[in-house]
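J.: Letter by letter, the chains look like this.
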Amino acid sequence: MHKLLKDHSGEKMFLLGNEAIVRGAIEAGVGFASTYPGTPSSEISANFFQIARQSDLYFEYSTNEKVALEVAAAAANAGVRSMCIMKHVGVNVAADVLMTLAYVGVRGGLVILTADDPYMFSSQNEQDNRYYGKLSGLPILEPSSAQEAKEMIGYAFDLSEKLAEPVLFRTTTRLNHSTAPVVLGEMAKRVTMGDFGKDPFNYVTVPAVSRKLHIKLLNNIEKAETISCDSRYNIIEGEGAWGIICNGVSYNYVKDALCDLEVKDKVKIFRVGFSHPMPGKLIKDFIDGCEKVLVVEEGEPYMEEAVKAFAQEAGYTHPIRGKAPELFSRLFEFDPAMVRSAIASYFGIPYETSDLPDLSDIPDLPQRPPNLCAGCSHRATFYAVNKAIEGIETIRPTDIGCYTLGFLPPLSTGDFLICMGSSVGTGCGFSKTTDKKIISFIGDSTFFHSGIPGLINAVFNNHDINLVILDNQTTAMTGHQPHPGVDMKAMNHDGFGRVSIESVVKGIGVEHVTVIRPYNVKKSITAIKEAIAHKGVSVIIAKQACTLFERSLKKQVGKPFYVSDKCKNHRDCINDLGCPAFFVEDEKVRINPTLCSGCSVCAQICPEHAILPLRR
Amino acid sequence: MNIKRLIIVAVGGQGNLLSSKVLGEAACRLDVPVRMSEIHGMAQRGGVVESAMIFGDAQSAIISDGEADILLGFEPLEALRALNRCNSKTVVITNTSSLPPFTAAIGKGIYPDMEIIKTFIASKVSRLITLDANALAKKAGNELSVNMVLLGALIETNILPITAESIHDAICETTKQAFVDTNIKAFESGRVAVQ
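Chains as they are written, first to last, in the working numbering: chain G, 1149 to 1764; chain D, 20 to 214.
For the record, the hints were derived by calculation from the structure and aren't laboratory data.
It should be emphasised that the depicted structure is a prediction, and the values quoted were computed from it without experimental measurement.
All C-beta atoms, glycine included, are put in the ideal place defined by N, C-alpha and C.
Misleading hints may appear alongside valid ones.
Unchecked claim - Negatives, chain D to chain G, calculated, CB over 10 angstroms: (1) I81; (2) E86; (3) I148; (4) N153; (5) P180; (6) A183; (7) V199.
Stated by the list, open to error - The list that follows gives simulated cross-link-like pairs (lysine-lysine, BS3-like), each with its CA atoms no further than 25 angstroms apart: (8) D:K195 x G:K1703; (9) D:K23 x G:K1160; (10) G:K1703 x G:K1716; (11) G:K1702 x D:K127; (12) G:K1412 x D:K23; (13) D:K23 x G:K1707; (14) D:K157 x G:K1702; (15) D:K127 x G:K1535; (16) D:K195 x G:K1154; (17) D:K127 x G:K1160; (18) G:K1670 x G:K1585; (19) G:K1716 x D:K127; (20) G:K1151 x D:K195; (21) G:K1736 x D:K23.
One chain only, chain G, in its complex shape (with noise of 0.2 angstroms):
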């Protein structure tokens, strides 16, 4: 049985943030679940995936996030009990659903999780998804550790049922990804039908339906700030003079720096933990209250402006400071220095900085950037396109899965991204206003997710664009996570369907499509010349598994290659292919055995014929 599904009661488990969340869900009974995965959230969804199949919860990967959202909407409005698991950027691509459902409501419990990225550890931005709260009018909740991301999930439910509409459940990596002994507690049971009462005047947004639901909504919003003003997530701590009012992670740095400087029984804490709509009248009282206040938040400062505003309102002008160049700035993350040194200059409390090392005389270090796997596919089909386009200007927009990679040398295959399905649109954007060749890529998982559209849009409007689709049959970047082109029958799934994205293509009405098989070099050269000669739209589906992925099934069969003496020193293998099992030895090229998945893509382009399977 999974894990999570065990009645522990009482007992401590080691949790990651993201098995914690979902063990809350469990808990609170959750009876449907839908995602598109995300880093920082994707084992939220791995794990529902597990359990979806040793239990009656209803689990999805859906298209996109607006689906799944969609999905999970509906879901609520029959009664139970869904979660909707995204990452920060994917609330962009739901954002449409969500911010009707807002009008509309639920009547089961719907929590919507964003996973924010502060950083960019594995994301194109680090937009601040609190504000999602205020342009939506949804509450927001955010925990600090696991154990109270798991208590927190249940009472984002009650929340969302109290008040008949949906909770955002705001988390950042450093909660997704951080581990820490978590308290089980009792699961309730799990209700997974139910019914939907029809009331068309209530659920069909005409404008004279909407115009009744955002009076009700802001009815809420009035609600759910006297909620928050009682809610066990907006704490008060400690006594004295000085305000601290945070966040999140930024809660434990806070906390960890007052024992560090000694201040504690000199400083009151405000943790916000129910930050949409921000509780006001605790925190005007709480302002009164100090003489100074410092606000401490990762990302924008949401809570600074609410707070300034609340001061202003009720007169105050005690100073209230957060974001500036000398305490905290809006980049990237915190870290408990930081938070510690800001503390400490903005109240005045003598402090001294840790002895770092003078590491001024390490010589510069080898680097050791990610790269493709080695016997990747998107090498091979990279490789072939670069050999393709030899001689001919080009612009390649690029798409966001580990395909990205490609971008870097010796590939340099990806000349801009924006987002999830940009390089379909952008690419039929730059084919009208620049003469060059225009050759995008996106991977399969990517082009189920929003390449559709953009296709749809170059067949449509006629943009003269080739269309690279990465096909290697699952999410890779995430963890190999299933999409509706995935044989799910092979992997042991039952009760899925399957798509095809060269019926898809051919259906849009693209007139020239060709599938290739990057590990054959030659013919994919050659097909690739042909689609990019053709005026118009052009695909090409580059068919081959995930080598990582076939790996981890114990499906790999290639045998490892090997360099003969034939080796003149080329190394065209080296610098075309850049693949991770190559190494230089004694001046000579040799492939690392254990690595080498025997693509035989090397093989066939080194111009001695030097590479050869490796006979054991």
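Start from chain G and add chain D according to the hints.
T.: Here is chain D on its own, set in the frame of chain G:
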């Protein structure tokens, strides 16, 4: 309880996440407060994997530059690169078996000589402990148990409030049944190597 801060650096695939999990489970068994955080987004693509573990009465799950009490390096170059996490009182333990990054392997950048790495590290911190964890793991029966060898060396320093017995229990609980014996053997060989 006295706070101890540990940073583990490794290259994706070296199994450091399992070793930090074992450490965390052991701490749980002993009722030692523990928090851990990991950055492993690129682990499978040859990047650096870093874990921070904080034992004792602290709430933060990350460690600022210069504030590690111990640095455990699974790979010598990465141990050297992580020196900014240390201070003059830090104890550094590093594996001496190297995994040159691809950039160095193809001649873009030079992998420093092992003696130079050792000298640099030793000159910046209070104590450097080195061992060839790959060789010891191989001897214990499985080259993949490098993580357990290094865990042995770590526990033997007695800096963390974690006992060898609790690690044994955590290995039994956390690692695959078929590997438990080799893992314990590897763990013990790491302890002996630094005695």
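J.: Please go over all the hints and tell whether each is borne out by the structure.
T.: Okay, the hints, checked on the actual structure:
Chain G draws I81 (chain D) into its interface by the beta-carbon criterion, the shortest separation being 6 angstroms against a cut-off of 10 angstroms. The Cβ of E86 (chain D) does not lie farther than 10 angstroms from every Cβ of chain G; its closest approach is about 6 angstroms, which violates its non-interface assignment. The beta carbon of I148 (chain D) is kept farther than 10 angstroms from every beta carbon of chain G, the shortest such distance being approximately 17 angstroms. With a least beta-carbon separation of about 13 angstroms from chain G, N153 (chain D) lies farther than 10 angstroms from that chain, consistent with its non-interface assignment.
At the 10 angstroms boundary, the C-beta of P180 (chain D) stays outside the reach of chain G, the nearest C-beta of that chain being 14 angstroms off. Separation of A183 (chain D) from chain G is adequate, the least Cβ-Cβ distance of about 19 angstroms exceeding the 10 angstroms criterion. No Cβ of chain G approaches the Cβ of V199 (chain D) within 10 angstroms, the least distance being about 18 angstroms, so the stated non-interface status holds. A threshold of 25 angstroms between alpha carbons decides the hint, and for K195 (chain D) with K1703 (chain G) the separation of about 21 angstroms falls inside it, so the pair holds.
The suggested pairing of K23 (chain D) with K1160 (chain G) holds, with an alpha-carbon distance near 22 angstroms, which does not exceed 25 angstroms. Note on K1703 (chain G) and K1716 (chain G): the hinted pairing is violated, with a Cα-Cα distance of about 34 angstroms set against a maximum of 25 angstroms. With a CA separation close to 34 angstroms, the supplied pair K1702 (chain G) and K127 (chain D) exceeds the 25 angstroms bound. Using a Cα cut-off of 25 angstroms, the hinted pair K1412 (chain G) and K23 (chain D) holds, with the two alpha carbons roughly 21 angstroms apart.
Note on K23 (chain D) and K1707 (chain G): the hinted pairing is violated, with a Cα-Cα distance of about 46 angstroms set against a maximum of 25 angstroms. A distance of roughly 23 angstroms separates the Cα atoms of K157 (chain D) and K1702 (chain G); the hinted pair therefore holds under the 25 angstroms criterion. Distance restraint check for K127 (chain D) and K1535 (chain G): the Cα-Cα separation of roughly 23 angstroms lies within the 25 angstroms cut-off, and the hinted pair is therefore satisfied. Between K195 (chain D) and K1154 (chain G) the alpha-carbon distance is near 20 angstroms, which keeps this suggested pair within the 25 angstroms criterion.
For the given pair, K127 (chain D) sits about 48 angstroms from K1160 (chain G) by alpha-carbon distance, which is inconsistent with the 25 angstroms threshold. Pair hint K1670 (chain G) plus K1585 (chain G) holds up; C-alpha atoms about 21 angstroms apart against a cutoff of 25 angstroms. Restraint check for K1716 (chain G) and K127 (chain D): the C-alpha separation of about 20 angstroms stays at or below 25 angstroms, so the hint holds. Of the supplied pair hints, the one linking K1151 (chain G) and K195 (chain D) holds, its CA atoms being roughly 15 angstroms apart against a limit of 25 angstroms.
At roughly 46 angstroms between alpha-carbon atoms, K1736 (chain G) and K23 (chain D) are farther apart than 25 angstroms, so this suggested pair is violated.
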